[in-house]
Amino acid sequence: MFKYMFAKNEDIPPGSAAIFFGFSSILWFIVGTGLGSFNAAKLAFPDFVTGIEMLSFGHMRQVHVLAVIMGWISMAFAMAMMYITPALGNTKLWSEKLGIWNCFIWNLGLCVGLILLWFGVTSGREYSDMIWPVDLVIVFGIFLPLGINVWMTIKTRRTQGIYTTNWFFGAATFMVIIVFTVGNSPEFFQLTGLTEAYLTWWFAHNVLGLWITPVAAAISYYIVPKVTGNPLYSHRIGHLHFWSVVVFYSTPAAHHLMSAPLPEWLKSFASVEGVLILVPAIAFVSNLLLTMSGKWKMFVENVEIKFTITGVLLAIPLNMQGGFQQTRAINWYIHGTGWIVAHAHLALLGFSTFLEAAAVYYGLQTLLRRKLYSLALANFHFWMLLIGFSTYWISMTIAGLIQGAGKIYEVPYIDVVIAEHPYMIARWVGGTMVFLGNCVWLFNMWKTMRQGTLIPAGRLPHELAYER
Amino acid sequence: MAFREYTIGSRMFGLAFGTSMFITLYMPAMDIRNVSVTDVGLHRQLSFGRISGFSYEDPFLQGKAKPTTVFISKDPANGSAIEATTAYVYPAGTPFPNGIRHPVILGEKPQQLSVTTGKIEMADDTKGAVFVVRTSDQGGDTISYIENATATRGWNPEATINAASEDNTLYVGKGKVMFVREGCWWCHTLLPEQTQDWQYFGAPPMLGDFNGESPTAFGSDRKAPDLTHVGSRNSSREWMMMHFFNPRLVQPYSIMPRYDYLWGEKDVDGKTIDYDGWRSEYNKYVANERIYPPEVPVPARDSEARALIDFVVNLK
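Protein sequences appear in the order of chains P and V. The letter at position 392 of the first sequence is residue 485 when you use the working numbering, and the numbering goes up by one with no holes. The letter at position 308 of the second sequence is residue 306 when you use the working numbering, and the numbering goes up by one with no holes.
One thing to keep in mind: the hints can contain errors.
To be verified - Selected chain P positions facing chain V (Cβ under 7 angstroms, derived; list incomplete):
no., residue
1, Gly151
2, Ser216
3, Ile224
4, Phe281
5, Leu287
6, Glu289
7, Pro354
8, Ser361
9, Ser364
10, Val368
11, Ile423
12, Tyr506
13, Ala512
14, Trp539
In short, the hints are calculated from the structure, not lab data. Ideal placement from N, C-alpha and C gives every residue a C-beta, glycine not left out.
With the hints as constraints, model all of the structure from the sequences given.
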């Protein structure tokens, strides 16, 4: 990597930045899920590692969340953007060198930010926990260079039109810069009170709605047609998806604070807009599933499609929960319970992780020109992720319903803690499975880079048979 | 951008995204801006200080340059008896809370009273100041406002600290920093819900209860009881002390982490705390080899544990 940072742009092999981002993202996924597993163990067994400030739950929880969001998910997005955007424009990445520097600053900045958080240097605002100097690095050192690379690659494309995936990439990189800048403005300008509380959740909602969800969806718009060979079912439904994300997904931030003393008009507005999130959700899921027509056996046989379609299918419960759990009729019961934790993991570990994993699997094979080392290990990774995630999701959903019942029937709180104990153990087991699966994944991708079968020019990775 | 459609599309994108930002940022901001601070909101911001997260004066969240809350019943200036008063002491160099730096955020009437009657604009943070909350009857409405007691009564910070006994001195400002740094709010919310928490956790907050506070640290994931009114439910400092040192001492099924490391090296009597010894004795207690658990050391006056206990029992 350091070799390329000071090389001429023309001397850097195309795809280098994407490869660095790909492996970085897998490493961060291992770090993030390892921390998650450690934290879950503490919730199940409170004296597991005790009396050490740096290893206490309150110091580790936010490190897990941001390692996964900024390390795994966002770096996998950067990886996807750096090989899919040029591929769809029939061109090269605008600047490999910028991409390499972007990856370097991203890893460095994230390490600094997470270590500070680990020491307790925090802004005290959930999801925007990073202190404002680190936020500035994220905006100007991480997302702005990424955006410039994506926008300039789209601008210098050699195709006439712009494909759906690239609309999403171009718009989402722009929106995430706005979201980070505005969402952290309470720290830049010392806004206080309810304005600060509202902007905290405005940020948390929009970083999911305008960055993670659309980019993850955009990846599947590329992978499914590319691997199955079917054209996208409908570009018009793609239009509907794109515009409804911009219009509906950017507005319901206040539904995270339904029980806080915010203006009532704002909560009602957010709640109605929150149900309308079902419009982009249904457009997305139906479009992708209809694109699969006639190729459903690839869902079983092809590992990239298996990951992608699992992610798309998990978008169904995700949006059914997400659309309705924020209405006043349901929110009063499940707000602040484990149900929400389960829902957040359905979004990040279910829906989006499976799509990003597909992008990393497919991208690394394409860029390294190497066939995946082992299908068996990839399938093992898939099932560890899926079973681990499902265990987590189901156990936390049940725990959340217990907590909800506990709060409305005014059960002494400790009885709820006792009732939740088995589900806390199940959550730890599920999270640990995901972590172990990811270690296997890193091994598999490393072996692919070193020993995978070379892919001949003009062929695609999924056209070759596995040798193991 | 070869297609005319893309030019139109970019403009439509700008319009759609801009409209959504207008509705979700500008309109709520204007609405919240017009809210007048309540009595609760004044007490909160005066006891917490300017900012409880990362700041220039306290970059590593050690609770530096934070105000102290004191309960006094004699006048610090002349020693005469006064009715019991809560005073917020800002020693020289402690940044003032946002309501004093920018009185506009207090809302129209509290701002007017704080500036004219309370003389808050005469306060100077390089010299320090003492603030109290007063109420005034304004045409039938009771309005709370901030009074700069240093200007109006000549209370200087040192004399005010000395006027209160040790039991009546609470390091609430430092305690909230501990609450934020130690991540208490990952499990304990500070937001009773508007629908069903009245019976168990007390009344939900009002619109003006947070003006000037930063961060609000509402929390979102309630793995443990809400703490907004915990001081009204349980004000025993001894219970809090045992609970922070090892929650299993008072609640065998608690999943809260131990916060014994906040005690530091010495206890209140200046004796070195023997953590290893304490833990091995505690393990004997757990194994039924002793009848009573070992004594929990009382935290030193300047320890982080003391500040955190002060913050929690002061959440009324």
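The hints, checked one at a time:
1. Gly151: Gly151/P check passes; min Cβ-Cβ to chain V is 2 angstroms, inside 7 angstroms.
2. Ser216: OK, holds: Ser216/P within 7 angstroms of chain V, min 4 angstroms.
3. Ile224: holds, 4 angstroms
4. Phe281: Not OK, violated: Phe281/P not within 7 angstroms of chain V, min 12 angstroms.
5. Leu287: Holds. Min distance 5 angstroms.
6. Glu289: holds, 5 angstroms
7. Pro354: Given a least distance of 5 angstroms, the restraint on Pro354/P holds.
8. Ser361: Where the cut-off is 7 angstroms and the nearest Cβ of chain V is about 12 angstroms from Ser361/P, the hint is violated.
9. Ser364: violated, 13 angstroms
10. Val368: Violated, because the Cβ-Cβ distance from Val368/P to chain V comes to roughly 16 angstroms (cut-off 7 angstroms).
11. Ile423: violated, 11 angstroms
12. Tyr506: Check passed: Cβ of Tyr506/P comes within 5 angstroms of chain V, closer than 7 angstroms.
13. Ala512: violated, 10 angstroms
14. Trp539: violated, 35 angstroms
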